[in-house]
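Model the full structure from these sequences, guided by the hints.
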Amino acid sequence: MQPAPGLALAESVGLVALLVPLGAFLLRLGELWRGRSLPFTPAERILLSFYAAGLLFYVIASLPIGLYYPTTIVVCLIVGAAGLIGFWWRERFRGAIGLGKWIRSGSSWLLLALVVTVLAVEFSGVASFPFPNAYDGSFQTLLITLISRNHSVPWTLSPYGDIGILYPAGAAVWMTAPVWLFGWAASSGPVDVPLLFLALSVVGAYCWGERLAGPGTAVGVRVGLVVAAVFALVGSWPRWFIGGSYDFVMALPLAFVVAGWLWTLSRQRVVHWAPWVLVGLAIGTCTTMSLVVGESLLALLLGLGLYLYVPLRFGSFVRLIARFLACTAIAALFVTRSLFGLAAGWGYPSRTVQPVGQTPYASIIPPPPSFASQVNGYVDPFFGVRLRLSPIPALGWELEVLIAMGAVSILYLWYAGLGGPTRVVPSDVVRAISITVVVFFVFVLLVLGVVSDPTGATELGGFTNPPEVAAWLFIAYQLVAAVPLIWALEYLVRERRREATATARVSPPTAILDRVPSRGNPARRPLLRTPGVAVAALLLVVAFGAGAAISATSGPSYLNGHFGLFANVTQSDVDAMEWAGSHLPSCSRVLVAPGSAGQYLPTYATITLLFPMIPTSVNLSYFIAISNLTSGRDTPSTASALLTLGVTEVFATGQTSVSYPAFQHVSFVNSTQFELLYSDGDASVYGFLPGLSSGDCTPVS
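The numbering used here applies: residue 4 is where the sequence shown begins, and numbers increase by one.
Hint data in this document are derived by calculation from the structure and do not stem from the laboratory.
A virtual CB, placed ideally from N, CA and C, is assigned to each residue, including glycine.
Be aware that one or more of the hints could be misleading.
[Stated by the list, open to error] Simulated DEER-style distance windows between Cβ atoms:
hint, residue 1, residue 2, range
1, Leu66, Pro162, 14 to 24 angstroms
2, Val545, Arg499, 18 to 28 angstroms
3, Gly567, Pro162, 27 to 37 angstroms
4, Thr267, Cys590, 52 to 62 angstroms
5, Val661, Pro396, 16 to 26 angstroms
6, Ser560, Asp683, 55 to 65 angstroms
7, Val538, Ala123, 25 to 35 angstroms
8, Pro470, Gly38, 42 to 52 angstroms
9, Arg426, Ile100, 18 to 28 angstroms
10, Val538, Ala277, 39 to 49 angstroms
11, Ala277, Val82, 33 to 43 angstroms
12, Trp400, Val661, 21 to 31 angstroms
Listed below in structure tokens is the structure:
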């Protein structure tokens, strides 16, 4: 059942409320085992609690003994809530009182307002869709179906495919929880759950900014709020990133928290292994959802460490490498299942480049894009692909202006010296943002260099994703855009303090007599009459006001239109898939166009699908069949390719996604190789007669 947008929004918020107590209980158990409290800020603790609960579900689901049931989730939630109350009772509710004070603070209410704003915009534009991106989302839907069927994370795609599951299934485990708890359809998980994480990324951005300026300090809170506001109102990453790669989006809130930790921990000269073990666990948790996020955090750790440690003694550098390797090893433990998937999938037909037919065929597998062709779009925020900076032109222009101002500000601050009594922007903020941009800039270039090579694209391309790596660089650019706004806010705070100090120095009688400020006494001049203060205030109001207005007015329509470009699943498609579920036998091997509605077929029918999204197919027979059928050609090579693949039926729909063409029905209507089994609107199921006869796998009439 697809929930109504308002109900889906309420249930998503309810999911956070249900999971946070369980996660908080797990964190307290860790602190009890360690013997001391962990130095988390309140916002970090809430976000970490949410992810800790999800990690527990992933661990339970990863056990190959079928323990992951709805009852299991409910029992964990009850035990977690009771355990947290028990901890509070033991400490006379000091922890609850402290959390309550933070929740009642003005900063928490501002942060909550930003989160609610993003969540409302996202749901108003997207949640009415019953299906996600037919390419990325269909694979997550398949994993949800398999987890619900096996009650554990499966090792292979069986019975829908023989290939081992290479990609971590952490995102699918998250999506399974509301499907079970609230009765959502499996396809609703990739639609609605990522929207919640997009909103929570604002909390992660706040934690990142607060860590850079000093956790628990007044300036840290202000910087955190500015960074959160940039990500929520002005920036485009990740809040507009809903077309696919849902696992990437779902890892970002925790990844932002970890990015802030790395700056704090990398500066420690004495090795305390406990915090680094925690970092490894957090990176591993991110990796269970997205390999790219895990890779990017490790790259940031190495880059920050090299900047801070290379000028020091050799021993310090060795300690850095030891920390890096330890974090990498801990994170790798979370994806050991993928090694089995890699081994199981290596000989699978989708990885076999096998020519077909009587004469040699030139490979039609598209070559990887060249390095030079990708650099501009993946690196340059000014003259590259504007959609990567912002899909909404007005926000793109605003970001360009802020990034340019931020870059000039950073260069000036480095030139003038980051220390000294006159500085306004905290020096650690400038250093951390500068190094973060450099690290991700280099990382993007390295990744582009690898995947531009044909060998790298084939063997290593499955372990990384250039657009997602580039997203980290553009996220770093948003930090640059925050610098002039941080400068403006800190300048206002400093001037306000100067005014208060100057007023306090005036004796009470004089203050009473001189209510009208004198032109000769600038210290007593009203604050907004100072040109610098007026400019700073105007910058903040215009930047955040314009961002909020544009996001609220243009955001929902953009999201609705953008989502529809990749998720155009019609009722005819659903009816055809339901027919297939009741008429196609389990021995059927069905070919569908990549990115078409047919990718959801395993949710309705127990058949073998050729091929699910991951890993990307490199079978030459598959490419020849897809190329011919999408271009309306029926040649001997088509039949030969389908026989090589063992196809028994072909599922044809209309255009589901703008990224991939649909099968042309003329390929089947004018051919003696196919028989029409079912047709409704733009969706049809055709039997491939040579495949049916050779495989003795006849559909039910």
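Going through the hints against the structure:
no.: 1; hint: Leu66 to Pro162: 14 to 24 angstroms; in the structure: holds (21 angstroms)
no.: 2; hint: Val545 to Arg499: 18 to 28 angstroms; in the structure: holds (20 angstroms)
no.: 3; hint: Gly567 to Pro162: 27 to 37 angstroms; in the structure: holds (32 angstroms)
no.: 4; hint: Thr267 to Cys590: 52 to 62 angstroms; in the structure: holds (57 angstroms)
no.: 5; hint: Val661 to Pro396: 16 to 26 angstroms; in the structure: holds (20 angstroms)
no.: 6; hint: Ser560 to Asp683: 55 to 65 angstroms; in the structure: violated (31 angstroms)
no.: 7; hint: Val538 to Ala123: 25 to 35 angstroms; in the structure: holds (32 angstroms)
no.: 8; hint: Pro470 to Gly38: 42 to 52 angstroms; in the structure: holds (44 angstroms)
no.: 9; hint: Arg426 to Ile100: 18 to 28 angstroms; in the structure: violated (37 angstroms)
no.: 10; hint: Val538 to Ala277: 39 to 49 angstroms; in the structure: holds (46 angstroms)
no.: 11; hint: Ala277 to Val82: 33 to 43 angstroms; in the structure: violated (26 angstroms)
no.: 12; hint: Trp400 to Val661: 21 to 31 angstroms; in the structure: holds (25 angstroms)
Consistency with the previously given hints fails for numbers 6, 9 and 11, ordered from lowest to highest.
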